[in-house]
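Two chains, two frames, some hints: make the complex.
Going down the list, the sequences are from chains A and B.
My numbering applies: residue 1 is where the first sequence begins, and numbers increase by one.
My numbering applies: residue 1001 is where the second sequence begins, and numbers increase by one.
Mixed in with the good hints, there may be bad ones.
Mimicking BS3-like on lysine-lysine, the simulated pairs with C-alpha atoms at most 25 Å apart in a straight line are [stated by the list, open to error]:
#1 K167/A with K70/A
#2 K1313/B with K144/A
#3 K1329/B with K1313/B
#4 K70/A with K1313/B
#5 K113/A with K144/A
#6 K165/A with K214/A
#7 K167/A with K144/A
#8 K113/A with K1329/B
#9 K70/A with K165/A
#10 K144/A with K1329/B
#11 K167/A with K11/A
#12 K113/A with K1223/B
#13 K1218/B with K165/A
Label pairs and their in silico Cβ distance ranges [said to hold, decoys possible]:
#14 N1040/B with R110/A: 57 to 63 Å
#15 L8/A with G1121/B: 36 to 42 Å
#16 L1020/B with P194/A: 40 to 46 Å
#17 H1120/B with D123/A: 32 to 38 Å
#18 H1120/B with R143/A: 27 to 33 Å
#19 H1120/B with R110/A: 55 to 61 Å
#20 S1289/B with R55/A: 39 to 45 Å
#21 F1310/B with R110/A: 39 to 45 Å
#22 P1312/B with R110/A: 34 to 40 Å
#23 E1328/B with T223/A: 37 to 43 Å
I should point out that these hints are in silico values taken from the structure, not numbers from a laboratory.
Since we're looking at a predicted model, the values are computed, not measured.
No residue lacks a Cβ here, since even glycine has one placed at the ideal position from N, Cα and C.
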Amino acid sequence: MSAVFDVLNLKKAFSGLTVTNDVSLSMAPGDRVALIGPNGAGKTTFVNLVTGNLRPDSGEVRLNGETVTKFDAIGRVRRGLVRSFQVTRLFQEMTPAEHVALAILQRDGRAGKMFGNFLSMPDVMDEASVLLATLGLRDLMHRKVSEIAYGQQRLLEIAMALALKPKVLLLDEPAAGVPQSDTGRIEQALADLPADLAVLMIEHDMDLVFRFAKRVIVLAAGTIIFDGSPADVTKDAAVREAYLGSYANASHAA
Amino acid sequence: MNNETVATNTRQSRTIGRDLIGIGAIIAAAVVGYLLFPDNLALLTRIIAIALLVLSLDLVTGYCGVATLGHAALFGSGAYAAGIAAAHYGITNPLLMTIAGILGGAIAGLICGVIILRAHGLPQLVLSISLIYLFHEFANKASSWTGGSDGLSGISPDLLFGVYEFDLWGQTAYIFGVVLLLTVFVLLRFLVRSPFGMLCRGIKEDPLRIMAMGASPKIALIKMYVISGAVAGVGGALNAISTQVVGLDSLSFTQSAEALVMLVLGGTGSLFGALMGTVVFMLFEDYVSAANPFHWLTMVGVLLIAVVLFAPKGLYGTAAGFIARRLEKRI
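The following block holds chain B by itself, in its conformation from the complex (with noise of 0.2 Å):
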């Protein structure tokens, strides 16, 4: 064996050593969560559906640049596609409400991804902008199938494998949350490493370039947008499952933004980032809310313009940097 496959088998384990990492930590503050919380896990099962939509926002923001503050439309239709299917057509088995949410955020995503991407930068962020007012606006006046601004209510999952309840304790809805986000996370490191990842990471970087070798940069988005619809749409789905309802603040730009915002806590461009950010943020306000009421979200902007300041890759990328750097210095 010549010196260039030791290199490529060591680069190949130690990527297939932090995709185990990645499953273990993310099963260990499941378990840390669920003992700490017992009584809360409507939050942590919240928690969840949220990380997918950060999740399902840095494939379009961290790995190919995207600037849209409007990404809970994806999250949203994913939501109301399941909760319609339940509410209207009687589909209540939760996995094949889910795929309806898989469905519904995969064409919300390939709708706003071929508005979204004829634009670049601050126009891009104005569309984004506009597109998730105008789904706002269009669940709340299509009430008669999305309840309007009372919510869609009326969602009865079945069983889970006719055996779990979707019950006040949300337990069933909290494994089947953390068993979802584990799988996404398995496929999305996949994707993110594959030749159409890295194509990605090079239209991130510089179009023209990509060009230059023949790829379509914008078919490539338009196809990362319909993952990330899909993404959101499974983490609107577990929202509608476990809430068993669907409000309009699921498709509104506050959450939009919030997801954003999540993101760059966390780091952009990394998955564990997208994850960290989330629970931090979440737990943080949940946290801070509840002992100051009136100055919780003073708090919040605080904590933001702390890590822009001195964490400018987020929680994640700085600490991921500076355990790179120690090691280096040991060796």
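Chain A with its partners taken away, still in its complex shape (with noise of 0.2 Å):
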């Protein structure tokens, strides 16, 4: 299948210090990758050229063939490039109803409308039922998310970004924060992404990354160390290095 999302020899030096060192991947519709990587290793930096809130030093971003290295954050998430957050970025005063609602509105070109209630918009407001009962937030739809849980919050940025209908989906740590006894269902929310979707997750927990990815990225001093499936990551002796690497490093600072 002919890839959706591709990164061509992706570089950025912050004044002479290398952070991502000729980075590239490629990703077909229904790819399930995990891109973990010890502290420092580049992982943030990566997600913001990507998503268009660094620029690149050189290199290039392509989404769906089409080259997107020249467009900003807004440009790249209306070509189909939505991002999650790891720390959970919603408006604490409107409720999931609203959020989604939102999205979908804003996908359709529609958020600028000054009349009229999305209440009153059955169009809308049945798309962010479904959309919120799939994640099971669909009791709790109406409520503000300030009085919401943790765990639901972390769905509700996943509802969110699936309202918008991308076709590559960046997950910065999904299941950060959230009490373990709430993780599993944000893995049920991860199984249950739509198959057409290229999903791109970062994250530190390898259990999560073990049964959500069919192939692990390791990120290691900004460039790509390890490109393969799960099985052969924890053999993989460049891998082990960089993470035993950091390991000594970190306790030795200690």
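Shown next, in the form of structure tokens:
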């Protein structure tokens, strides 16, 4: 299948320090890829380069074959590259229904409408409630976000991303900060993601990585040191060294 | 009908109920004001004009989180546009003058928006202050158009609908003002609940999140600034029509700062708060400055400190919170 998402030779240095060094990867629709790496490997910078929050020094990002490097973050979202955040960024005074409705309206180019209330737009409300129901949030759809549990807020982040109907979804630690009792629900949500969606998940929790990903990419010191199946990643010498090295450094520093 | 539709419908009827309460409250306040101060309708009309300015400020500050101390630039531009249309172009139909005010305010809103929204936080505040001084100085220097520091006079609006005269007693102006305010209020209630209104509330809380949804905060905010300018322009035009003179004070830093004070007093982010803040501040100012001309500013200061310390959400926000808690307890 042809690639929906390509990263070609991406490079970025901050005042001489190379943080992303010649990173390339390619994903097809339906791919489930986990991006892992020790602290300071450059995962966050990589995400920011891909989403357009940072400009690369060189290299390209392509969506569906179209080069999107010249577009800013907003332009890339509109072309189908959507991200979720590591720490939930939701609007505390709004309800889940409002969050998802706003995302749906934005996707359809209707978020600028100055008349009409989304509560009286049956198409939007129907889509929102179906989407929220698949994530088990329908009973809470009219509560304020500040009143719902953190695990549910994480699910709402996923709902908002899905409402935009992305082609490529970047999930930045979707289970971070969620109590152990609620991670099952999030894993279920990840398993239920649309089959044709290409998903790149940045994650620390190796259990989650192994259950979710069909392919694992390891980033260390700004370069990809491993790209292969989850079964092989633990056996890989370079990966072990990268992780053990960072542990050794950490214990040394402490 | 399933539960969800019921919930949606009750939410909808609740908001419509609040709209009707709001309209009823404005009409009731207008009638009470008319009965209490029949000899001082000029003050009441001025309160309405300033209320439009404060509503306009609430749109950008309360709903979008833009910090500005130069919002009278929009109000004054509307006033001058209406005044210049009448004094220099013979457009003396009050409705056309109001439209001139709306256009003047909207254009000023566009200019201010484009400039102010380039910065955030303190630099934004400083830009807004510079803008109000530039507008003020421009009006001062362009005296052949604006009358400079003498003010723009020679504004004599026609009879409203060819029947009602804008006379010395100010009845026509007052009723005209109440109708304008009601119209704007209803339109703004629609606006703040619309998808666009929601988008703006989102921008206030987290512009980066809005960008991650593929929406541009900047374009939305500039649109809001233009709308805000139109609303302030209505207030400016009302002021020009009712007082038949436009002074430099309508384009002043002081006026901008007072509008912000009124908004904070009433409570930001709610149309009722903006209205309540204006009425309380201006009546208090009028009453106290008559009762004690030497220390009235001190008393205004004390009132503000009291509100900020004990009712940080403003008068309306605190009252609404109190009532909501009581209702919850009863259930």
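For each hint, the structure was consulted:
no. : hint                            : verdict
1   : K167/A with K70/A               : holds (19 Å)
2   : K1313/B with K144/A             : holds (19 Å)
3   : K1329/B with K1313/B            : holds (21 Å)
4   : K70/A with K1313/B              : violated (44 Å)
5   : K113/A with K144/A              : holds (23 Å)
6   : K165/A with K214/A              : holds (22 Å)
7   : K167/A with K144/A              : violated (29 Å)
8   : K113/A with K1329/B             : violated (37 Å)
9   : K70/A with K165/A               : holds (22 Å)
10  : K144/A with K1329/B             : holds (19 Å)
11  : K167/A with K11/A               : holds (24 Å)
12  : K113/A with K1223/B             : holds (11 Å)
13  : K1218/B with K165/A             : holds (23 Å)
14  : N1040/B with R110/A: 57 to 63 Å : violated (47 Å)
15  : L8/A with G1121/B: 36 to 42 Å   : holds (38 Å)
16  : L1020/B with P194/A: 40 to 46 Å : holds (44 Å)
17  : H1120/B with D123/A: 32 to 38 Å : holds (36 Å)
18  : H1120/B with R143/A: 27 to 33 Å : holds (31 Å)
19  : H1120/B with R110/A: 55 to 61 Å : violated (28 Å)
20  : S1289/B with R55/A: 39 to 45 Å  : violated (57 Å)
21  : F1310/B with R110/A: 39 to 45 Å : holds (42 Å)
22  : P1312/B with R110/A: 34 to 40 Å : holds (36 Å)
23  : E1328/B with T223/A: 37 to 43 Å : violated (57 Å)
Checked against the numbered hints above, the structure breaks hints 4, 7, 8, 14, 19, 20 and 23 and satisfies the rest.
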